[in-house]
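Undergrad: In case you want the letters, here they are:
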Amino acid sequence: MQQIINFVIRNKTFLLFLLLFGVSLALTIQSHSYHKSKFINSANFLTGGIYEGASGISNYFDLKEQNEILLEENTRLRSIKLNTANSIATDEFVIDSSSYNGRYKINNAKIINNNYSSSKNYLTINKGEKNGIKEDLGVITSKGIVGIIDNTSNGYARVLSILNTKSKINAQLKASNHIGTLEWNGKSSPTTVQLTDIIKFAPVKKGDTIVTGGESSIFPQGIPIGTIDSFVLDITGDTYTIEVKLFNDMTNLSHVYILENLDTKEIKQLENPTDE
Amino acid sequence: MNSINFNSIIRFFVLILAQVLIFNNINFLGYVNPYPYILFILLFPVNNNRSLFIFMSFMLGLFVDIFSDSGGVHAAACVTIAFIRPAILKFAFGMVYEHQNIKFNNTEFGNRVIYFSILIAIHHFIMFLLEIFNISNIILVFQKTLFSSTFTLIFCILISILFSNKQR
Chain A
1 MQQIINFVIR
11 NKTFLLFLLL
21 FGVSLALTIQ
31 SHSYHKSKFI
41 NSANFLTGGI
51 YEGASGISNY
61 FDLKEQNEIL
71 LEENTRLRSI
81 KLNTANSIAT
91 DEFVIDSSSY
101 NGRYKINNAK
111 IINNNYSSSK
121 NYLTINKGEK
131 NGIKEDLGVI
141 TSKGIVGIID
151 NTSNGYARVL
161 SILNTKSKIN
171 AQLKASNHIG
181 TLEWNGKSSP
191 TTVQLTDIIK
201 FAPVKKGDTI
211 VTGGESSIFP
221 QGIPIGTIDS
231 FVLDITGDTY
241 TIEVKLFNDM
251 TNLSHVYILE
261 NLDTKEIKQL
271 ENPTDE
Chain B
1 MNSINFNSII
11 RFFVLILAQV
21 LIFNNINFLG
31 YVNPYPYILF
41 ILLFPVNNNR
51 SLFIFMSFML
61 GLFVDIFSDS
71 GGVHAAACVT
81 IAFIRPAILK
91 FAFGMVYEHQ
101 NIKFNNTEFG
111 NRVIYFSILI
121 AIHHFIMFLL
131 EIFNISNIIL
141 VFQKTLFSST
151 FTLIFCILIS
161 ILFSNKQR
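Those sequence lines, one after another, are chains A and B. Sequential numbering from 1 applies to the first sequence in our numbering. Sequential numbering from 1 applies to the second sequence in our numbering.
By construction, these hints were calculated from the structure, which means they are not laboratory data. Keep in mind that this is a model prediction, so the values were computed, not measured. Note that CB positions come from ideal geometry on N, CA and C, so glycine has one too. Worth double-checking, as some hints may not be accurate.
A few chain A positions that, by computed beta-carbon distances, are all more than 12 Å from chain B [stated by the list, open to error]:
id	residue
1	A26
2	Q66
3	G144
4	E271
With a straight-line Cα cutoff of 30 Å, these simulated BS3-like cross-link-like pairs (lysine-lysine) come out [to be verified]:
id	chain 1	residue 1	chain 2	residue 2
5	A	K110	A	K64
6	A	K12	B	K103
7	A	K174	A	K268
8	A	K110	A	K174
9	B	K90	A	K12
10	A	K127	A	K265
Please construct the entire structure, taking both the sequences and the accompanying hints into account.
TA: Right, dumping it as structure tokens:
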């Protein structure tokens, strides 16, 4: 017994090192596994508060640019509204035809922290549970998709960016209905992502548009993602891997929309009927 | 407890805030970021309680991890360089370290650069290895380590020169 205690005292630095290294390794592995990392994330009171304070200063610098983006979007929406056939007759009585038949609730939020340089990137937004934000809601901008909410606290939420090797989003070609999976390999620049599993019979052309597919309950069908930059046939020879150039500039984001599918619960129930 | 002076504690918080608010957003050439927050570990007073030093390094890394959503990669890298620091000190400074009276402000510039660059390279290698976590991307790990280390080294030397209070 004496010897054990002596051993511990003699090697206490090394043992402390091993213990702390083990703890950090465990945290790392936990953050790499698909399940959400609960403890170490930037959506908490302290970090959210600091990031919000800092972004309160820095958002004055791109006010002009954000105004232009808003104006562009307003112009587009207004032209859609004016060119829709029934817009004059039944304006007052339609619930909201532009919000995907009332199936989606739209919230807005502001990005207070944006990462795009590592292989697992996250964003932090300034809305949380008290604003009705939940896990697994989709996040988009007026130009295209941004990611999926993966962790929330009372006042803040963390978004799993599409520039994250863990992100997998259902996407399709706009021209035909061939679906694939939108991923990021962690190596290419923050302007491109990869679309895999597009079958080789699909009419893939450079410059074609990629949109979200209708298979996920998170994003509605047809949210723009980007255009085809280049494509190669896989080693197996059955599917294409397509480099997609994003419409969004992921390095310069400010205001985002959060989409909540009101039917998610029903769809989930249908898909897992035995899951009590 | 009087062994950690007030200076170190201030340095701890200032470096974390500077790292997460400024240096994490530099993104030179798209993805190269410096990590000068490890100056805290590099410049920690030498003749000190080692267990406390390792624990402080762990907390430093963990705080940066919480802010940058990276699991525990910074904590792991920081703990490692805090643990192996005495060996590197002996290698870089030789006899001066043996007498335990080392003051970083009074050391030779060349020795200090060697000492900084070894610890920075080890820290960045462990950090990127754990962050990418995929042995088939080892080239990417080396590439990121090389670029970021150079960047961090420049910042560390600049900051340590700027804030050194040399008494001659």
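Undergrad: Over 12 Å to the closest beta carbon of chain B is the bar; see if A26 of chain A clears it.
TA: violated (7 Å)
Undergrad: Assess, step by step, whether the Cα of K110 of chain A is no farther than 30 Å from the Cα of K64 of chain A, and give holds or violated.
TA: holds (16 Å)
Undergrad: Tell me if the straight-line CA distance from K90 of chain B to K12 of chain A falls inside 30 Å.
TA: With a Cα-Cα distance of about 21 Å, the restraint between K90 of chain B and K12 of chain A holds, given a limit of 30 Å.
Undergrad: Given the hinted pair K127 of chain A and K265 of chain A, is their Cα-Cα distance within 30 Å?
TA: Measuring from Cα to Cα gives roughly 22 Å; hence the hint holds.
Undergrad: Closest CB-CB distance from G144 of chain A to chain B, is it above 12 Å?
TA: holds (19 Å)
Undergrad: With a cut-off of 30 Å on the C-alpha distance, tell me whether K174 of chain A and K268 of chain A pass.
TA: holds (26 Å)
Undergrad: May I ask you to check that Q66 of chain A keeps its beta-carbon over 12 Å from the closest beta-carbon of chain B?
TA: holds (18 Å)
Undergrad: Would the pair K110 of chain A and K174 of chain A pass a check requiring their Cα atoms to be no farther apart than 30 Å?
TA: holds (29 Å)
Undergrad: Taking 12 Å as the cut and beta carbons as the points, is E271 of chain A off the interface with chain B?
TA: Per Cβ check, E271 of chain A is outside 12 Å of chain B; nearest 30 Å; holds.
Undergrad: Verify the proposed pairing of K12 of chain A with K103 of chain B, using a straight-line Cα cut of 30 Å.
TA: holds (26 Å)
Violated hint: 1 only; the structure is consistent with all others.
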